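Colleague: Sequence:
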Amino acid sequence: MALTRRAFGGLTIGGSSALMLAACGGNDGDGGSEGGGELVWAVSSGWSAWNQNTGTGNASATNIATAPMNPVGQLGYDWDPEGNVFYDDALFEGEPELVSEAPMQVQLTLKEGAQWSDGKPVRLEDFIFQWYSTSGDPLHANQEKALPAGTAMANVASIEEPEPGKILISYKEGTTDPEWIFTGGVYLPSHVAEANGFADWATNPETMGDAINFFNDDLWDVVVGAYKPVEWKVGEYVIYEPNDKFQGSAKASYDKLTLQAIEGIEAQVTELRQGTIAGCWPNDFSSEELQKLDDQPELKYVTYAGATWSHFDMNVNNSFLKDVALRQAVFTAIDIEEIKSRAFPGTEAPWLGNHFFTEESPYYVDYTGPANYGKGDLDAAKTILTGAGYTVNGDGKLVNSEGEQVLFNFRFASSNEIRKLTGEIIQAQLVELGIDLELKGFGDDELSTTLSEGDFDLVVYSWVANPSFTTSPDQYFSPDSDSNHGSYDDPVINELLPQVRGTLDLDVAAEVANQISAQAVAQAYTLPLYNSPMAIFWNTEMIEGVEVNGASQASALWNVREWKRP
9 MALTRRAFGG LTIGGSSALM LAACGGNDGD GGSEGGGELV WAVSSGWSAW
59 NQNTGTGNAS ATNIATAPMN PVGQLGYDWD PEGNVFYDDA LFEGEPELVS
109 EAPMQVQLTL KEGAQWSDGK PVRLEDFIFQ WYSTSGDPLH ANQEKALPAG
159 TAMANVASIE EPEPGKILIS YKEGTTDPEW IFTGGVYLPS HVAEANGFAD
209 WATNPETMGD AINFFNDDLW DVVVGAYKPV EWKVGEYVIY EPNDKFQGSA
259 KASYDKLTLQ AIEGIEAQVT ELRQGTIAGC WPNDFSSEEL QKLDDQPELK
309 YVTYAGATWS HFDMNVNNSF LKDVALRQAV FTAIDIEEIK SRAFPGTEAP
359 WLGNHFFTEE SPYYVDYTGP ANYGKGDLDA AKTILTGAGY TVNGDGKLVN
409 SEGEQVLFNF RFASSNEIRK LTGEIIQAQL VELGIDLELK GFGDDELSTT
459 LSEGDFDLVV YSWVANPSFT TSPDQYFSPD SDSNHGSYDD PVINELLPQV
509 RGTLDLDVAA EVANQISAQA VAQAYTLPLY NSPMAIFWNT EMIEGVEVNG
559 ASQASALWNV REWKRP
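Just add 8 to the spot in the sequence shown (first one is 1) and you have the working numbering.
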């Protein structure tokens, strides 16, 4: 099962200032926590829920804030900076094994002694709990309660333990998956659900739905990661201490680790320069702010084109945007180069013409370019509108064939200057078509709610990707996906979706994914904008081991277990 992509709306969170670092000694040198001191790392936005399996919890900030407590990559596998998959040695003995192709069966081997922080063993039921959370099957969980961000485990038929420590995942007849090696894993402690009133979760879909929400509403403190939470407040902070039951090779090095939400790159840079935080992965970008770090040699920053890609989504529930011609005209009128040049002066932001692959991938095909999207071609946009019966009235306003003035809004994270600037730019661009675009920002912690409730007409946000791709088409475009925020229900795409994972051949899967991208472009559902320029900055006198990883959704925190004090 490949990881879901995480929504990254460019939100930053306001509130209390960063916690002050306490005086501390050096690392003890053997990976233990003795003398490790304290560390504060800034999370660059707030979050509104805890369970990353849900539509509201599936946010980059949630992932970052909880990375120290979770298995690597959330489920027990992740990608290193070179894009190679690796598995959590606190949970697994090596890689999964494909033991059968028909029916497809994948076997995982648990590490001997794998356990939760309360000393309870990792067990078969923990894998089943994850399956039921993300199967999309109402027989497993009430889907109105579960609201899964993705249904990557929809084709699983059973999960069993044929012998101690061997977890066998059997798929439904006819199921294949070219990315079967991304299979697993463990995330939530099923025994904690049982101890909190959800004992029959495995047999009662209503109880299972309630259990999913139990983990979404409050953070759990029984974990398998190197750190366990001891204090937290949703959207603001999590304070960690070492997990003394941790079974992995890289032990927690800090006595106290705090993940603290801080608003905006300007504030984050200021806090770093003042020594109140050790570092941050900002979700906005400013060369001017980064250059303020140049006069302090202990402060380091790295810029790169990450796997975070920004895009516009249309909501086809809007009475005007139901019309494909209007959607096509809007995407044709938008000038992406103007957005990039003004948002990132002097910094390259690569053109992105595909929903699933970047230019570095052998599978990349540019679909938005040939469609003439994002080029600011106002004449072509007006031609599309005229052909579809649109006219401009005496007040210079665009009206449809029924004489109604075209009106819709644009939603964006109001605290993010790049998102705000993007709205102002496209507002000016669409005025040339006679469209009065309403700019409507949302609060720092309202990204997930805005998207899940479809409270937008046109919206800008980002997905944080990783090297896998086969679950993304379903997550983005399936009418049953809670991540299909624009309510797309396209018969061509619907027919193609099961074919992506209906093969063991990655080349075939990529070809089908590209067909889906091509259809999404033809129907003007989503407009990829660019791979966002990213940065990571940190204080080298406070922390050692920070490594940029554009392949991991956890970014710099992909190896947080290995961080230590210099």
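To be clear, the hints were calculated from the coordinates, so they are not data collected in a lab.
Keep in mind that a hint or two might mislead.
Think about it this way: if two alpha-carbon atoms lie no more than 16 Å apart in a straight line, the pair counts; the simulated EDC-like pairs of lysine to aspartate or glutamate are [claimed, not checked]:
id : residue 1 : residue 2
1  : Lys-241   : Asp-226
2  : Lys-128   : Asp-226
3  : Lys-119   : Glu-103
4  : Lys-153   : Asp-497
5  : Lys-128   : Asp-331
6  : Lys-174   : Asp-218
7  : Lys-259   : Asp-97
8  : Lys-153   : Glu-101
It should be emphasised that the depicted structure is a prediction, and the values quoted were computed from it without experimental measurement.
Colleague: If a hint holds in the structure, say so; if it doesn't, say that too.
Modeller: Here is what the structure says about each hint:
1. Lys-241 to Asp-226: This hinted pair holds, its Cα atoms lying about 9 Å apart.
2. Lys-128 to Asp-226: Between Lys-128 and Asp-226 the Cα gap is close to 21 Å, so the pair fails against 16 Å, i.e. violated.
3. Lys-119 to Glu-103: Answer holds: Lys-119 to Glu-103 is near 11 Å, not above 16 Å.
4. Lys-153 to Asp-497: Outside the cut-off at roughly 22 Å; violated.
5. Lys-128 to Asp-331: violated (55 Å)
6. Lys-174 to Asp-218: violated (29 Å)
7. Lys-259 to Asp-97: holds (12 Å)
8. Lys-153 to Glu-101: Violated. Lys-153 to Glu-101 sits at ~34 Å, over the 16 Å cutoff.
Hint violations for this structure: numbers 2, 4, 5, 6, 8, all remaining hints satisfied.
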